[in-house]
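Protein chains: 2
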Amino acid sequence: MSEGTIRMIEKRIGILGGGQLGKMIFQAGSTMLLDISFLDKSSDYPAGLITKNFTEGDIANYDDIIAFGQNMDVISIEIERVNVEALKVLKEAGKDVFPSPEIIGLIQDKGDQKKFYKDHGFDTSPFILVDSTEDIYEGLKNGSISYPFVQKSRRGGYDGRGVAVINGQNEIHKILEGPCVIEEKVDIDKEIAVLVCRNKGGEVAIYDPVEMVFDDEANLLDYQLAPAAISRDQNINIHELALKMASKLDLVGLLAIELFLDKEGNIIVNEMAPRPHNSGHHTIEACYTGQYENLLRAILNLPLGCPDIISPSILVNLLGSPDYRGETVYSGISEIMNLRGANLHLYGKNETRPHRKMGHVTILHEEHYSPHESKDIIKRVFKTVPKILYNE
Amino acid sequence: MSEGTIRMIEKRIGILGGGQLGKMIFQAGSTMLLDISFLDKSSDYPAGLITKNFTEGDIANYDDIIAFGQNMDVISIEIERVNVEALKVLKEAGKDVFPSPEIIGLIQDKGDQKKFYKDHGFDTSPFILVDSTEDIYEGLKNGSISYPFVQKSRRGGYDGRGVAVINGQNEIHKILEGPCVIEEKVDIDKEIAVLVCRNKGGEVAIYDPVEMVFDDEANLLDYQLAPAAISRDQNINIHELALKMASKLDLVGLLAIELFLDKEGNIIVNEMAPRPHNSGHHTIEACYTGQYENLLRAILNLPLGCPDIISPSILVNLLGSPDYRGETVYSGISEIMNLRGANLHLYGKNETRPHRKMGHVTILHEEHYSPHESKDIIKRVFKTVPKILYNE
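Residue numbers (this note's numbering), protein chains in the order written: chain A, 1 to 392; chain B, 1 to 392.
Do not rely on the hints blindly, as some may be mistaken.
It does not matter which identical chain is meant; a pair holds if it fits inside one copy or across any two.
Stated by the list, open to error - With a cut-off of at most 30 Å between alpha-carbon atoms, the simulated DSBU-like pairs for lysine-lysine come out as follows: (1) Lys11 x Lys52; (2) Lys115 x Lys88; (3) Lys115 x Lys200; (4) Lys379 x Lys11; (5) Lys41 x Lys263; (6) Lys91 x Lys185; (7) Lys52 x Lys244; (8) Lys200 x Lys379; (9) Lys383 x Lys115; (10) Lys174 x Lys379; (11) Lys244 x Lys118.
Rather than coming from a laboratory, the hints here were simulated on the basis of the structure.
Sequences and hints are given; from them, build the entire structure.
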């Protein structure tokens, strides 16, 4: 990385987190000639693969963020588990911090998120906040909690962790420790995500909602369809919801909103993330302007790019094989490349773990083509093979 | 760049040349987790912006290429002005060199190129080879050369340099020194380019022909349309020509073929480049699989990606302002970003020169949209402003 490069805009952008989302932010930024640096534990992380502007440090550590942020003009995140106090101080000191520390703080606490939805008139499943497992047992006794219910840890949950679905008394061993949200279980018809981007001047770009089909056993995404197969009215209502949410939050940057459609067609807010999101990976190839580029445009207060779809797509995550942990060799790549319209993204994580996100494939498709068949092929062929076995 | 990253394929890819084509090769490769290094004069060049795997050296120098290539498994080029002898030695030593040194050698000499077209039955404008300006004067006297004619230096021409169009005796001062090709001037209706990719196993992907509209004064591309507005039959004939050319050359990698359609509809081969090409920039966003990714797939003998168009596009080069040379500040970026479907690529060249390629914009468009209007806006707003003026 040449330090002396003349940039499109002479602003230093610092991103907290250097995983795959950071890598894809950097890729979008390198096309536009932006100056982007990362803070995260190890420069072996995916973003470290494509830039040497990588500072090793802890994004949960106050001092590390202050030291990193002092050299930046604009600070953003690729993950919300960051030290918010440090971001507040940097914002006070005149740095552009997008999304705002206040939004990040709100998102970090699923209890506060739920209160925000309720206070601002967004439909969300009925809930109570409890401090301990004792409170749950008490609630079950006195009838304030009833089966089936969903328990979410207020802090630290991620990718299916920190969430328990308790269908009856026989599943009570799954209850998690600590302060949490107890929600009524929604009778889900579809899970939908919508991505909204807003710049400092208030310009908004809303991506078409996508449909996420989950593997119930692993509580992980099986595949994603874009656009979602929903009615025109639902589409409009979800766009309006996203617009209102971005406005109420005074968002600058990206916000992914995960929604349930229940069996009666109601749109129910589940949770949000104020950053690039897995549900927007397809936008790189399938939309006029991808989420990563629009994030950068937004935080630099440039005009936003068009979020419309160029081509329908299906997205499949490439997950670490369930039976292996350690150094990986990738397997099945040739078969994936053989699929028409397949865009392979490998993130560059040296260690594979069961169900770890190692990459994704976005398949662009036309009418005379079966994306579902491709999805099945990808899920069958992709494996992270133990290096020791591969070398034999 | 983490040295220890586990790659999709454990092969080191070395690219001769580190300009904007190299940068875009690297971007495609980083998504697929490939290990790509560059050789060129300065790591300040565009590819040096996104990787530290950049060796400073001269791609015309035998020793520099040998030293660089020894550490690689697969060697390719982003520009054809390289030392072919060194590549032959590396190939002999067992390295994969694609395109072959023989193809690169053929392309380096426009006289040999013309003989190849003639020998293999490709239509090309009638020509003679001459060694000096005296031969041209002699030819004009004895009638073997007549006005108007096109003179092309056999070696070293690039981007409109090394080409003179001599319409009559009053333009004879434009004649170039040295060995050259003298061609009959074609009565051009359209200038077309077609891009073909072929892997080691013989699999071929052919991109739809594009139409290049030239600015006659500067002898530079004004804009490019993809797909070209040509008949179905012309399309088929050009595909067949590309397929035959790739086969006759035993090509592995990419080949861009520039063609003339004359006023009678004949398809005439002008010249070729065995590498990623400006006429294929749009394929990054506008095709299922872009030229850069397909080059990498081809030289690694992976299945090729689908070259079909997802969306029509118009491409405009961002050229250095005609009145300025030196350190640049970019101007007009916001206006470009405001255009629906515009994809901005800035290459990262610190020094601007008159008409230097500083970047390009690919505009994806739908029916209800005027790409030509956008093209005019881009050409009006983009400027490389002298830094010294900008700071005042």
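Here's how the hints hold up against the structure:
For the homomeric pair Lys11 and Lys52, the shortest alpha-carbon distances inside one copy (17 Å) and between copies (22 Å) are both at most 30 Å. In this assembly of identical chains, Lys115 and Lys88 lie within 30 Å of each other by CA distance solely inside one copy; the values are 22 Å within and 70 Å between copies. Taking identical chains as interchangeable, the C-alpha atoms of Lys115 and Lys200 lie at most 30 Å apart only when both belong to the same chain, with a minimum of 26 Å there against 60 Å between chains. Only between protomers do Lys379 and Lys11 lie at most 30 Å apart by alpha-carbon distance; the minimum there is 25 Å, versus 42 Å within a single protomer.
For the identical chains of this complex, Lys41 and Lys263 are neighbours neither inside a copy (43 Å) nor across copies (64 Å), given an alpha-carbon limit of 30 Å. With identical chains, the CA atoms of Lys91 and Lys185 are never at most 30 Å apart, being 39 Å at best within one copy and 65 Å at best between copies. With identical chains, the CA atoms of Lys52 and Lys244 are never at most 30 Å apart, being 39 Å at best within one copy and 44 Å at best between copies. Taking CA atoms no more than 30 Å apart as the test, Lys200 paired with Lys379 passes between copies only; the shortest distance there is 28 Å, against 41 Å inside one copy.
Taking identical chains as interchangeable, the C-alpha atoms of Lys383 and Lys115 are never at most 30 Å apart, the minima being 42 Å within one chain and 50 Å between chains. Taking the shortest alpha-carbon separations for Lys174 and Lys379, only the intra-copy value of 28 Å comes in at or below 30 Å, while the best inter-copy value is 63 Å. For the homomeric pair Lys244 and Lys118, the shortest alpha-carbon distance inside one copy (14 Å) is at most 30 Å, but the shortest distance between copies (67 Å) is not.
When the structure is compared with the earlier hints, violations turn up for hints 5, 6, 7, 9 and for no others.
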